[in-house]
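Start from chain A and add chains B and C according to the hints.
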Amino acid sequence: MLRLERRATPSSTMSIVSPLLAAAGMLVTGFLLFSALGKDPVEAFYLFFIKPLSTTYGIGELLLKATPLLLCGLGLALGFRANVWNIGAEGQLTMGAIAGGGVALWFGDSDSMFAMPLMLLAGVLGGMAWAAIPAFLRTRFNTNEILVTLMLVYIAQLTLSWLVHGPWRDPQGQNYPQSQGFGDAETMSVLIEGTRVTWGIVYALGLALIAWVFSQKTFAGFRMQVAGLAPAAAAYAGFSEKRNIWIALMLCGATAGLAGICEVAGPIGRLQQEISPGYGFAAIIVAWIGRLHPIGVVFGALLMSLLYLGGESAQMGMGLPSAITGLFQGLLLFYLLAADLFISFRLKRVVPITEPTLPTPAARIESTA
Amino acid sequence: MDQFANLKPRLVLTGITKRYPSVVANENVSLSVRPGEIHAVLGENGAGKSTLMKIIYGVTKPDAGTIMWNDQYEIIAAPSQARRMGIGMVFQHFSLFETLTVWENIAMALDEPVPTAKLAAQITEVSEKYGLPIDPYRLVHSMSVGERQRVEIVRCLLQEPKLLIMDEPTSVLTPQAVLILFKTLKRLASEGCSILYISHKLDEIRALCDTATVLRGGKVSGDAIPRNETNESLARLMIGGELAECHLIPREAKEVRLDVEHLSLESPDPFGTSLKDISLQVRSGEILGIAGVSGNGQKELMTALSGERLSTSGSMIKLFGQPVGALNPAKRRALGLTFVPEERLGRGAVPPMSLAYNALLTGARKGMVQKGLIHPSVMRTFSKHVIERFKVKCGDEQSVASSLSGGNLQKFIVGRETMLQPKMMIVAQPTWGVDVGAAQLIRQALIDLRDQGVALLVISEELDELFTISDRLCVLAAGRLSPSVKPAETSIEQIGVWMSGKFGDKAGDGAAPANSKLETAYAQA
Amino acid sequence: MNPLVPMIASTVVAATPLIYAALGETVVERSGVLNLGIEGMMLIGAVAGFAATRGSGSDTVGFLAAAAAGIALSLVFGFLTLNLQTNQVATGLALTLFGIGLSAFVGHDLAGLPVDRLAPLKIPVLSSIPVLGDLLFHYDIMVYLSIALFLGVQWFLTRSRPGLTLRAIGESPAVAHAIGKSVLKTRYLAVMFGGATAGIAGAYLSLVQTPMWVEGMSAGKGWIALALVVFGTWKPARVVVGAYLFGGVTQFQLFAQGFGLPIPTEFLSMLPYAATVVVLVIICRDPKTILLNQPASLGHSFHSAA
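Protein chains in written order, with the working numbering: chain A, 60 to 428; chain B, 532 to 1056; chain C, 32 to 337.
Only chain A is shown next, with the shape it has when bound in the complex (with noise of 0.2 Å):
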């Protein structure tokens, strides 16, 4: 008979174990999936996992689709860190691009050396903007974040529904619900050559670094922290709840923000209807996956990328729905939130006692343990 029995101190080596075991649960499942379907299983492993990445122009894609992942996980990272639970980063997303895109619309087919750095600085203020809601309602109203940052979402996106079918519609588009397509100056440009990727990328990796910083080295990092794993402690020492709320909420909102931006500027290129295929609520499972740890996050990131790219690919080649990312999407968090069990408690086998035999006072029973 096994039993669950909690450890003394967290295992530091399961928290690095997890992961990769949950990644492993999510492909053994994505197996029996694919035979269930009546799919050649190694194929669609191929199309799913290793043909994406076997061109330069697929490695582009995997960066390309990492950079929304790694700048709204950062966020999401610190912010659940610290107790802080934003569930719409997909709300924050869609309004920097509404910002940003507002302004590159503005600038219209300028030339203006100022047109890139304004969209990318409105579209971090336009998510920073959305994420200030939540954060004001928790601070003065002790409203639970869970709930307004998801109903912000739907409300963001009805914005951008009505500003691509009304006011922002691009008077040549045939009627489709989109918006003029961005100049060459409001679009971003590429970095490499044969692939989509842009800056944004660079910008997310040198926030990532930014992050680890912040979190392991500065006191600001600390206190939310703390306020995450102690919130009496951290009353305790004084470090002020709202602050941590605010900047926790300001963080993910920014990058969101500039995930969104980068977005629309990057491979759309213009405002339209869909913007992000859910990367706000990827990045919640990117986070996890990362140990909330900015590392960790880069990782996650990329795993899940390669979970969308496998997605199409998936689709084109096999005919399989593309809602089957979402599929896996979901499946590697309930392994990872399994898997994660072992880090504070471990399987022991006991034995159960038995009825003693003779009634003498030396007469003992161990189990074994």
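Keep in mind that the hints were calculated from the coordinates and are not lab data. Note that the structure is a prediction, hence the values are computed from the model and not measured. Among the hints, erroneous ones may be present.
Here are some of the chain B residues that sit facing chain C, going by a computed Cβ distance under 10 Å [to be verified]:
1) Glu635
2) Asn636
3) Asp642
4) Asp800
5) Pro801
For each residue, glycine too, the CB sits at the ideal point set by N, CA and C.
Okay, now just chains B and C, sitting in the frame of chain A:
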């Protein structure tokens, strides 16, 4: 007890052993209890008493050893089985649902449903019979801690137990209530019920118990007849040495460092106790002790003084002459205040962080943080000093806080706050759950601080402790503060009276927690 | 015809799935478990109910299949949070993401296909009363069952012994365990009940309200159900009132069009979400409201130390 002297033992434990990942809680423990016997299990905090009781009550299973009940071997797999066998337990930390009434709480514990009216009548009957009257229709959250303990006891009594286990019952009682409890227990024993009485309070054990088993470090260090022993001989069995005494040399207290005037604060917790018109002063070079059972406003007072809760009218609390009501804990620390909270893990220290990082929690100003960046070497040096000076048993400064025993963590926290060189220090429950050696060290550390001119405010449930280390003493009851006295000018009985809210001219009307008529009648006993 | 009657009728229809999902989650949360995966379970229920009804031709089979699908998914959640002690918030989110993905995957070939809408009941005599008949007695059976569900849950929580046990576990599982109650069993049953009701709620969308299967068709109703539990301060009667209010808000679009208001449809669609935020702010403002009403152990994992 004599009428049962010839009967066979009801409960016999032989060779009980229980191991946990970091400690051996019980090792080869044996004891036996006869019907009608009041048997003490004596030991300091951490000696293994609670674990042993959990084994008897079926909450935990031993790794080795046997249990014999009425001459039959038993494996006690769950509390429900223990109850069926006739074993009842009153826990140190009550198992009651605050938002339910007394009868609902008791109904939950019964195996067969009993109609409400009948149950209420039973509750009233049994509780009055044993001198612990309670109103079955009251909501538990409106009851004082002492009253809640009565509910726990009555719940056990309704099931007609053959063995009643009392785990540290008197820490939540006023001295008068302790006497009532003893009367109840003696009555139960005379009816043939066996009683296991867990405690570390030597005076009580010598007054109440027939026999005693002494635990030390998980093992039985001796058996005794308390009546024939002295506090010193029992203490020797309990801690293996002499109980060192703390001595307070009278000295002149200097300027006022903490001045609280007419502090009234509503509790943020709907089940908490609001503070009413509290005034006190603590001077440099003195220790002011605040006595009182938990639940009378200690938490609210502590958080108001520390800054974890801001007071709206800024002038009611003055530190070193400055109004500080609007300042948060970090700012009050900057002025020279440190404080040791009641909860260690989770408030005084962050459990998964190392001791070095826990030093950073309050010690940032001591050079550990410069220009916003953390300097780990300063953190580590500071923690090493604390560990060395306060003899904290741990791996090293990198050990995580949750891996330390309660006593050692408390030593670290007290040490950390001491080495911040405070001008004023507030300590809540300094030695709660701490072993005797560590308790000794902590009390001496507080006295040393006082001798160096620091002003100290100590909130504690242990009257003995307060009588030993306080220059002056007062009582917090139902959110109001009594006048302060010197320990030499008062007595335990007097303090006990004050604990029910009756302090002198400020007549106790409305001060004591609301009692129903039944209970008020007995309260005078 | 009086335009008020179809408006009220459509409000009732809009409120019904919210009632099922929110009542289920109320029971779950009263036992101390926070299940954020309602949206996922609703979608699974929607697609399962839709597929089963198309396959069998019977709505009853459809709703039963939906309930079963919801239960199945909730068991995954239950196993992770109750046996493996995983973080309830993260697991609930995982459940939502998984449910969204799985339902889209399974329902890929079902998108846009027709199904017969569940017909309203024709109650003899009562249905024919002018105005009042249309208002009260002309709904499909699931509406009436939702009221029955409300009465059942209300009775269960306030008057029954198992309900008392469940509430006690929600307040303090450690104490409940100490006096011998099975925290695990009670919470599992509660979680499964929540799964069943969420599944039924989803099937109501795909079989009655729309009726059709579309990817992600619940559009946040699962989250609104969660907000309704808070709005109702965990009391079934208030939750139901909230559901009707929200039903009205979601139908405001039609009202506005009916009255010719010149507001863009997207803004009208935002109303339920904005209203949810406003409602949450109002309820959470006074910390004492939450302290007094929220089950004390909500969201915390319970590990019975053996």
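Now the hints, each set against the structure:
| no. | hint | verdict |
| --- | --- | --- |
| 1 | Glu635 | holds (7 Å) |
| 2 | Asn636 | holds (8 Å) |
| 3 | Asp642 | holds (9 Å) |
| 4 | Asp800 | holds (7 Å) |
| 5 | Pro801 | holds (5 Å) |
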